[in-house]
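Just so you know, the protein sequences line up as chains A, B and C, in that order. 1 is the number of the first residue of the first sequence in my numbering; add one for each residue after it. 1 is the number of the first residue of the second sequence in my numbering; add one for each residue after it. 1 is the number of the first residue of the third sequence in my numbering; add one for each residue after it.
Note that these hints are calculated values from the structure, not bench results. Just so you know, even glycine gets a beta-carbon here, dropped at the ideal spot from N, CA and C. Careful, some of the hints might be misleading.
Taking lysine to aspartate or glutamate and the EDC-like style, the derived pairs with C-alpha atoms no more than 16 Å apart in a straight line are [to be verified]:
#1 K130/A to E169/B
#2 K118/A to E322/B
#3 K126/A to E322/B
#4 K268/C to D130/C
Some chain A residues close to chain B (C-beta under 10 Å, calculated; not the full set) [claimed, not checked]:
#5 I4
#6 C259
#7 D282
#8 P295
Partial list, derived from the structure: chain C residues whose beta carbon lies under 10 Å from chain A [to be verified]:
#9 Q58
#10 K60
#11 G117
#12 K146
#13 N149
#14 Y270
#15 S271
#16 K272
#17 D282
#18 P285
#19 S292
Next come the chains, spelled out residue by residue.
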Amino acid sequence: MNKIKHKINLANISRFRTIIQILSFILIMYGGYAAITISERIPTFACPYATGSAGTCYLIAMQHGLHITWADFASYRGFGFYTGLLIFLAWFIVFNKSWCGFVCPLGSIQDWITKLRKLLGIAFTKYDSKLFKKLRFIKFIVLGLLILIPLGMSNSLFGLPHFSHDLGAPFCQICPGRTVLPLFTGSTSELFIDFANNTTIFMSTLGIIIFVTFIIGSFFKKRFFCFFCPMSALQFLFSRIGLLRMTKVGSVCTKCGNCSRVCDIGIEQIAEDITSKFIVKDDCMMCFKCVEACPENDCLKVSFAGISILNSTDEGFFKRYSDSKTFKIDTDSKELIDQKKKND
Amino acid sequence: MTKNKSQNTISRYERMKKTSTVHLAMEYAKSLKEVVDDFPYNPESMYFFYDRMNAFLDAENTDLANKKVIATSCIFVPEEIIYALGAIPLRICNGAYSYDQIGAEFMPAKACPLVKSTIGQLHVNNFPMGAKPQLIVNPTSCDYKKKMPEVETASEIEFYTLELPATKETEASKSYWIQSIDAFIKKLEKTTGNKLTRKKLKEAINLVSQAQQQYRRLHTIRKQGPVIWGKDVILLSNSYFFEDIRKWTEQLEKLNDELEVRVENKQYVVKENAPKILLTGSPSIFPNLKTPVLIEQMGGLIVADEFCSSNRLLYDTVAVDEWFLYDMIPALADRYLKPCTCPNLTPNTDRDRKLINTAKEFSADGVIYQAFAGCQLYEMESLRIAKKLEQEGIPMLYIETDYNPDDLGQLSTRIEAFLESLKAKKSKTQIA
Amino acid sequence: MYTKLKTVSIILLLFMSSCFCFAQENIWLSGDPPPQAKRVVRPSGMQHYMAFRNNRGQEKLILWPRNGDTPKGSSYIDSFNTEPEIFVVSPAGDLLEYNLSTSDKGFALTYAFDLEGYHNIYFLWKEVRDETLFVHVAKAERLNHKCQNGHRSISGKIKVKSFPEIVPFEIIRNRFKPTEDFHLILASGNVASFSALENNEAIEDVEFIFVTEKGWSKTVNANEKGIAEFQIPEDYFSKMKELNKDETYHFLLTAKYSNSTSGEYQGKAYSKISYVCTYAGDYEPSPSLYKSSFWPIIIILFSTLAIGSFIFYSRSKRRRFY
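Chain A on its own, in the form it takes in the complex:
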């Protein structure tokens, strides 16, 4: 058992993650063609607008489910919403936020765009910590709107008139998943502007602009969209009860910042926070790159239902981040200096 654990601690988790990402992308994007349905409430962007989707993103079900009157919350329809939430939670609790890091097709696409940028050797952009702290609230605002707008369609919120039905599933209308994912099944039908009325014009134009922002943004910023993703915010609300956990032993931490450096989102708290045990922050997607990059033994730990599965070790760190093969750097020898002098 200890041997297996030791091996896992030395393993290249990122490569494993890439493989899982490719497999789950194929399953989620094209599984529908093979009549696979995982669930209608999975906590990841399995977009039903893409015809082959094997399952449905919970956000769409939630938006539909919340389109009910206050009275309905105590009735059969409300019951449907509650059971939906429970199914979502059942899926979510098992893998916690690693749905984002390992499964989400939109996240995988962003990672591949990042790989393309790396291939071109173009530097990435990082938010400075001030901007970061401001921007991270956006996803909670989006989540709030996503809940309030469907409610406001069937109820009068704060004395406002009922919202237009054109705002149905409001997040889907601006979600880059709706515009990007169908492209992978060869359909551009989701790229449209709906001129039916002002609401639809606004929402569909916003959807297209977000589509463009997504593509350009994720080219320059790693996991650009995940920072604003309401699914991430929704998951964060429940991440404490997840079976898969990531914890930090603050006293061992040297604040070297390796973890926040390799973090695709750029969470600085993972290095700075030395008091919290549960280190999964709202932006975290549990890709465990930080565990890979942590050189302190047992500082960052990943456990499943109390069973530890991955620990940070210095041995593992050096195995991943230092390459013994490139041990050949040479300093200028005397001959070289002489040659240079001659050239001068």
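Since the structure of chain A is provided, determine the placement of chains B and C on it from the hints.
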């Protein structure tokens, strides 16, 4: 008249140079004898490092004579960049009392002996293995170092001031530091005539990473049992200052292999109940191994230290996500600033945590805090550290010393008393 | 003058009432509630059906029998001259219980709408007059679908189902293959294809009369395969601002066919059968009226330019370290 005077000074300088060499040789021999001959169970593989200490004086060894050498005066200088630009870093932090005496001419009486000694070395222009440094990279890590370039010595080597932020917590300090590194790279590119490339820097990071890996391994071994004297670890860390990094790594690997066998066979250098000491404060640099040697002669064992000349030297690592200059350089900058526990940074609470954690990890019984007379930064932090350690129930001994061997008697009394109290406490808890 | 008007009106009334007597053929099943019921029921589901839940949480669907030649001009009725036989067939092929009564929802048919798939509803009148068997069928098809139940096994659930043992003659809407899914609502511009089945066989030369909401009509005879196709016209011309893309209109399709089969029904012999079937459906404004695929290109270009130059600007402003 003026001519006469200058003749006089020159002759005086020559004389000083000559006598200092003799004094240095004596000091080295004495220190080595103490370190090597007075202790049992020195590992076989340590003799390489002992010998290399001798080579420091060996005029025939000219390994560095024809190489581009960049002298560094502090741990803050990113050596990976120096390697990547085809030069060799040579740390000139010095522990010699004979140089300290020369340096005293240029510095106030109560100045830090380490800086004085370094200035003394620069004045007599004596570098190991015939090295002729092209540049001295001098970070502004304390007031004495800040003023070092302004001290007019006989040395004609150019100083480069690597600017350090006063804190590491703010966004501004991070960007200040990286700008500082950026300027440093440009300067070094000019000095060496080489261009920093992605491939070279990656190789350099890997090169240092290999050394780090072995160095961390040594400490993992030290945690498992008292298989090596602390003075040996401090000495071998000092040899990293001038030794060829690949040779050093190879030898350290050999030593680690030997020590691992010792761990398996439980061949300990002291009895297991010997008081375990964590040494911290102003760095002990060979030949000034007065404090560590005293501690271990008195029956203590240094299990770990927190010196910028040894444990902190190769501890912090570089993690690069994308192996391009745009990510490697900030990663390097982070390595030198973020985890640093140098007291010139404020606030320096990381040092409290690090000391407590190290004491726990290495199961140290007590902490000995060494501060050089004149090293205000370490002196000032001692009270806070003492308080923090007390809260954790770790006893601490504060000693103030310098390079002068005069205080040996007083030191040994205090250290002995401290060790006795640790022993008493230990046996009490064992009985309980 | 006045008396003249009176007599005319009496004659008219008499004529209309006599028409009414023989006008069972014009009854069709509408999903639109009468004005007095509009507050009581509201559309639910993607197909805009009038459904509601009763106290026990059971979902019910309502259909209103209406009388008239055009969807718009048809009136809601509150009783039948001749009582029809009524069949509500579930997606599984079972007969469902129903309730036809007058309430605050109007004179309406109500039945449980729980199972997923197409429900078929038939009103059937049979009568022998002048040695002719008149068979009149009013048919409606209603799809029950909840997205939460998933979108798999589409083809099985939307398959056309006919019930010759219940009704000898019926109109079916041929499904769009393979594109039809649960969310299909016919729109102007779609070519809808219909067949009339006699004893489960599509027959040719059936006369189909297709009437749109406002009364435009077209008559087509089924081809040799028994298929009649209609392209749904746009009979509404609203300004862009007033366009409601979710507005549903009704079309009314009537199929007429007679053949000389002799037989006996309720003790009366006949030598000829005359079939009439009504089938009402919904259509929406065409998406091509308001959905543009061209504008996205322009917006993509513009936003690429804007975002690109923003990034270029912010990157050039930032101090770069290699």
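Structure-based check of each hint:
1. K130/A to E169/B: 13 Å, holds
2. K118/A to E322/B: 7 Å, holds
3. K126/A to E322/B: Distance ~13 Å between K126/A and E322/B Cα, so the pair holds.
4. K268/C to D130/C: The given pair, whose Cα atoms are some 10 Å apart, holds under the 16 Å limit.
5. I4: 21 Å, violated
6. C259: 8 Å, holds
7. D282: 21 Å, violated
8. P295: At about 4 Å, which falls below the 10 Å cut-off, the nearest Cβ of chain B leaves the hint on P295/A intact, so it holds.
9. Q58: Given a least distance of 8 Å, the restraint on Q58/C holds.
10. K60: For K60/C, the interface hint is violated, since the closest Cβ of chain A sits about 13 Å away, which is over 10 Å.
11. G117: 17 Å, violated
12. K146: 9 Å, holds
13. N149: Holds - the Cβ of N149/C comes within 10 Å of chain A, reaching about 8 Å at its closest.
14. Y270: 50 Å, violated
15. S271: Cβ of S271/C sits 53 Å from chain A, so the hint is violated.
16. K272: 50 Å, violated
17. D282: 17 Å, violated
18. P285: Since the shortest Cβ distance to chain A is 8 Å, the answer is holds.
19. S292: 5 Å, holds
Of the numbered hints given earlier, the model fails hints 5, 7, 10, 11, 14, 15, 16, 17; all others are met.
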